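Starting from the two chains in their separate frames, assemble the complex, guided by the hints.
Same order as they appear, the protein sequences are chains A and B. Per numbering that gives the first Met the number 0, the very first residue in the first sequence carries number 0; after that it's consecutive. Per numbering that gives the first Met the number 0, the very first residue in the second sequence carries number 0; after that it's consecutive.
If you are wondering where the hints come from, they were derived from the structure by calculation, not from laboratory data. Source: prediction; values computed, not measured. Note that CB positions come from ideal geometry on N, CA and C, so glycine has one too. Hints are not guaranteed to be accurate.
Stated by the list, open to error - Some but not every residue of chain B turned toward chain A, in silico, with C-beta under 10 Å:
no. : residue
1   : L122
2   : S165
3   : N187
4   : P190
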Amino acid sequence: MGATLHNRDNSLVRLFKWIYAGLDRTIFMGLKFTFPSKFVSPLGFLGMLTFVVFIILGITGALLMLWYEPILTRAWDSVHKINDTIPYGFHIRNIHYHASNAMVMLAILHMYYQFFSGRYKIRNEILWVSGIIIGVLTILEAFTGYDIIFSERAELAISIAASLTNSIPIVGPDMMHAFFGNGFHDFVLRFYAFHVFLLPIALLGLMVIHFPRFLVFDVPMVMAVTGAIMLTGGVFPIDMGLKFDPNVPPGITVPEWYLTGLYSFLRSGYDKFTTGVAWPGLFILTLLIMPFIDRYKKFSWKDRPIIAALGITSIAQIMVTTYWGFYIDPDRTKSLLERLVIDPIFLYTVMALLVPLSFGFTYLMIKLAKNAEERSKTQKKPAEKSPIQLPEKWLLIIFVCLIGFQVYLNIATYYALLSGMKNFSLFLVGIIMLVFAGMFHLYRQGKSLPKSNVEVVSSKRPSYGLSSFGNKILGKDTSKKPLPVDTSTGTTSTVSSLPGGDLDKKTQEEEPVAAESPEIKTPSKSSTSTTSSTPSKSSTSTTSSTS
Amino acid sequence: MSQHRPPNIGGGKISRRDFLKLLAAAGTVMTFTPFVDWGKFLPNPQEAAGQRAKVELPDGSQANVKTFKVNHAEAVIYPKSNDQVLNAESFRTWQFIRLPAELGGDKSDASAFRMYSMVCLHLWCLWKYWPEDGRKRGECPCHGSMYDPMTGMAFAGPASLQAPPSNVLPRLDLEIDDKGDIWIKPPNWSPSANGVVGYGRYLT
Numbered sequence: 000m001g002a003t004l005h006n007r008d009n010s011l012v013r014l015f016k017w018i019y020a021g022l023d024r025t026i027f028m029g030l031k032f033t034f035p036s037k038f039v040s041p042l043g044f045l046g047m048l049t050f051v052v053f054i055i056l057g058i059t060g061a062l063l064m065l066w067y068e069p070i071l072t073r074a075w076d077s078v079h080k081i082n083d084t085i086p087y088g089f090h091i092r093n094i095h096y097h098a099s100n101a102m103v104m105l106a107i108l109h110m111y112y113q114f115f116s117g118r119y120k121i122r123n124e125i126l127w128v129s130g131i132i133i134g135v136l137t138i139l140e141a142f143t144g145y146d147i148i149f150s151e152r153a154e155l156a157i158s159i160a161a162s163l164t165n166s167i168p169i170v171g172p173d174m175m176h177a178f179f180g181n182g183f184h185d186f187v188l189r190f191y192a193f194h195v196f197l198l199p200i201a202l203l204g205l206m207v208i209h210f211p212r213f214l215v216f217d218v219p220m221v222m223a224v225t226g227a228i229m230l231t232g233g234v235f236p237i238d239m240g241l242k243f244d245p246n247v248p249p250g251i252t253v254p255e256w257y258l259t260g261l262y263s264f265l266r267s268g269y270d271k272f273t274t275g276v277a278w279p280g281l282f283i284l285t286l287l288i289m290p291f292i293d294r295y296k297k298f299s300w301k302d303r304p305i306i307a308a309l310g311i312t313s314i315a316q317i318m319v320t321t322y323w324g325f326y327i328d329p330d331r332t333k334s335l336l337e338r339l340v341i342d343p344i345f346l347y348t349v350m351a352l353l354v355p356l357s358f359g360f361t362y363l364m365i366k367l368a369k370n371a372e373e374r375s376k377t378q379k380k381p382a383e384k385s386p387i388q389l390p391e392k393w394l395l396i397i398f399v400c401l402i403g404f405q406v407y408l409n410i411a412t413y414y415a416l417l418s419g420m421k422n423f424s425l426f427l428v429g430i431i432m433l434v435f436a437g438m439f440h441l442y443r444q445g446k447s448l449p450k451s452n453v454e455v456v457s458s459k460r461p462s463y464g465l466s467s468f469g470n471k472i473l474g475k476d477t478s479k480k481p482l483p484v485d486t487s488t489g490t491t492s493t494v495s496s497l498p499g500g501d502l503d504k505k506t507q508e509e510e511p512v513a514a515e516s517p518e519i520k521t522p523s524k525s526s527t528s529t530t531s532s533t534p535s536k537s538s539t540s541t542t543s544s545t546s
Numbered sequence: 000m001s002q003h004r005p006p007n008i009g010g011g012k013i014s015r016r017d018f019l020k021l022l023a024a025a026g027t028v029m030t031f032t033p034f035v036d037w038g039k040f041l042p043n044p045q046e047a048a049g050q051r052a053k054v055e056l057p058d059g060s061q062a063n064v065k066t067f068k069v070n071h072a073e074a075v076i077y078p079k080s081n082d083q084v085l086n087a088e089s090f091r092t093w094q095f096i097r098l099p100a101e102l103g104g105d106k107s108d109a110s111a112f113r114m115y116s117m118v119c120l121h122l123w124c125l126w127k128y129w130p131e132d133g134r135k136r137g138e139c140p141c142h143g144s145m146y147d148p149m150t151g152m153a154f155a156g157p158a159s160l161q162a163p164p165s166n167v168l169p170r171l172d173l174e175i176d177d178k179g180d181i182w183i184k185p186p187n188w189s190p191s192a193n194g195v196v197g198y199g200r201y202l203t
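So here's chain B without its partners, still in its complex pose (with noise of 0.2 Å):
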């Protein structure tokens, strides 16, 4: 291999035609830029779900505000899929609570329900609401974070130290039709809007 001259890095000029060229170039590079449409190849946000879907229950059917019990909780696969290794995946996994009458279970409107990723905002366990009297909270098994039903605010454990918006649990907004079948409004999955599963929510 010959032994070229490496070339003269000291201080040269830019005439201003080659600069101007530069310059339209990365002008017209910069104007297309927001048209493509980057990044849909690889980020992969939960499906995105145009249309609202049922709250389906473990059994199957839909829940409903007439039977599903006061202070009570189920886990619920959202988005499901046909996939059974995908249905088993902790990120898809909600908690469906109704809450305890003396924070409003009673009511039957959306505002008796809450449903949270069950993924807990620490090291991604599964944590699960326990309605018995004096818990009435979300508590995780691996490392004692406990959650706040009505908020999805851990109040207690290492998930509480997190700085926001790793504190509150993300959450989908839920609405009821006239049989009283409860179904699940197209999430936003941003920090500040239904939060991150395994990430967070800003409480607004």
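One chain only, chain A, in its complex shape (with noise of 0.2 Å):
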């Protein structure tokens, strides 16, 4: 591991070598950093990324940490003063709301992804569970967050959330006075103890369980990331909301997106309990024991028709009720509480039939492809290592959706701007993170291409990740589909090692361990055996497929 000292380097190259060496001693040496020479599919890495969202969000925290005032009286007063008074403490509070949203959203895909590809098994179990207790964490922290501002959505969430810890049975009424205390007062200094220290130490601690020793940590797509929540909140700067006054009807207000879900089965007006606590808590018990429920030998989630129309049903599912929570009848001749509330036949109704119509119809999907995929596999092999290639209409397709976004963000700018536009420099950074993520992508490319036609060996390294990663997903059979992924490269199948690719490598090397349990080396073997000819030489080969 350690880094070789030149004679040649000047004493700033051997210190940063020295510590590096000396870092080989650390627990880092026990992760695996790779840094990715060439694009790969941010699917993969969703996990670090979100990771690295939380530690803007600690940041940006810690600095609204200095300003805000957790008390009653003061808490809303404080944020106002933290939005309009104190230099950059809106663009702060942007960077923070933004990236708490981005966050949330990033935790999801990623479980989802993980879901899919079925990396959940293979004695990953413990990751997986640890990941849906972190997801579950995450939105709490999110909740508590936009809780302690106090104002007036602020409020509506903290009593109905009041509300849904008081039905628990039996331990209810003491849970909501352990988390809420009594009466306001009490309620936003713990909620700002738990947003500030108790959630984020719990998520630490939970994330060093969590992390997987091979990491993936690419540049560009962090840059990306990070340039888009800037951009976000440079377009669409966040409002302050009125100031809670218990004297004053509020308006109608939602949720944030992550909980509208929620929300929707609360505006049902059944009881509290069943749709606010016994609902949820199902789907968060399904997903914990989903890698115990899923006996497939498989990984792909082709090869796995229940699992993946279970997973499918669900997106369904949080989709609508997403949706649902946020649809208030616009209608303002009707009362607040008719708009309101949700007719409960209808909305169990339409979540009762969903079920089986989605469920049923991704099965069926699943299927009409696996056996299509058989016959044309008889008929003839196709070419070991092809390219994702798109037809012409999908680039077509794609095209235009980019110029759609672009031109909707223009017109979303525009707006911004002459509404003062606050944080227009919140906006440049964004630019300019984002464009640098891209040179940065183009120059690892241009670097990646050969620069002549003689074969430069440079194996020092070594090269600890397989090339299966991306063909385990996207896979050989995918690659006759049309995805809309990888598509600049074509490289889905140079790929350095990945929280996946390694686990062929692993168990191939782990010998015993295979012997113990053989269902489990049947799928990765194959696996392997799918993907082995493509090259994997990884970060170090310089003659790669792309040239």
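Next comes the structure, spelled out in structure tokens:
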């Protein structure tokens, strides 16, 4: 692991190398960091991106802590002061807010990617279970965050959360006292303690368990995510909301998007415990035990039709309920209550119909696709190594979509500029970061191209990556279908070590383990064999398939 | 990092001795558990008032049967502290009502008075008592929940649709001394007794 010292290095470089060599004795060397030298699909390292956003949240949150006052009468005013008076307070607050949304979003995407790729098997159960707990805590963290602003919306969220906690049989009232204290004053202080210390420390502790030993730190992608957060903060600045006053009727407010799904159930006015605690609890529990119900011996979602259909069903449910939670009857002549309440029979009927429909449809589609695949396999053997080729039509559609998005962003920016755009600098920093990400990517791309036709062999470093990452999911099977992934380079096959990529190697190396559990060995073996032809020289090799 | 072999997780047996040890350890813990004063630190039900407290009206005087008007209500802070921030807390505001005459408000014992938490059970706005003819009820400004002054039960609006105990306001018990001064008896913050502020009370 240690870096070799050369005499021609200057003293600064020598210092860095000395420090790097010293790190050999720390826990960090147990982790293998990879800085990919090529474009890697970000789907594989969404967890790392989530962590980066978590760090951003930690930094901006720490800065906000310098000004925020968790006191009943001053909480909102202090946020207001941060927003309007403190230099750069507005920017920090916006980054913090948008990063919180990004973290929840990335965590959800991360979970679903791992779900569909079947990574939670082969001794990754602990990773999966700890990940689900981290996910729940992340949402709680985000929830406590927007509550301690103590705006009107925050107060509504608090009272709903309190009534849900109270509705839990037997322990509910005690839990409510423990978490919320008695009244708003205790409540603000307690949620503050949860938000800035208890939950983050719990998250960090769980992350120690959750981190796999192989990590990818893709600089352009990290930059792009950070830049996107800043850009969003610049174009869509978050407002303050109205200060909560118990004597003033609150307007219609909806919670943050990750809670509107739950909110739609609550709005049906059905029993609070069932709708607000039991349903989401059941959802989380199902996710927790997922690796133990999934008895398929293969990894790809195509080989696990029931599990994949279950995942699609859950996504469908989440999308429908989330939208429903947001939707409020625009008819202002009706009473507030009438507009808010969702007919429970309607809601539950739709939900009940949606489950068999989405499940059955997905299952059917997977089966059909499998059949078609089988048939095509018997006809001709597909080429072993084929980069994803998108039909021109699809490229065109993607192109038009991107341009549409660009236009939308431009309009949004224009409106933001019209209304003052206090955080124009944030917008600019976001743009700069995105451009940097693009440039870095191009630079890296160019660097990886062969300089000449002479094959350069430089295998000093061990290549601890196998190339099977991309193939396992996007696979050679999928490569026939147009997928809007990784089109730019067509280098799905050449990927450095990734959490999943190393699995194959690990199981291969550890013969005794594999011998103990032959049912585990089979799939990984097979997946390795499908990808064995792809180059595994990965990061070190300069000659690659992209020539 | 070296690659350790994972421990053998397939069906090991616990020896009888180990099992008994485990049982003894669990038993010891279980025996002493009830003696630990669990959660005294974390839950903070309003400071346990061991003795009765005055019904202190906004003007600073103690409410008295002889002077407090029939069909009239005042906001009272309980438990009152020396901290202005805590006194501004919704959860410490109570509506002190002398019932209208037709509900027995002209009597001079404690049954003529009611004291309910002002925190609406729906979404925690502050309701108040309206003594006008034709109203004579508690009304919440936010979503229009209405409360019966006699029992504290919501009879209209979203609060009335909530399942018990979340449809009846928490209530403080009152007593009157020889001089006619009104006192608040030490409460028991449980849904089946005085109720939980912001949550409700079972109507007994």
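What are the numbers of the hints that this structure violates, sorted from low to high? 3
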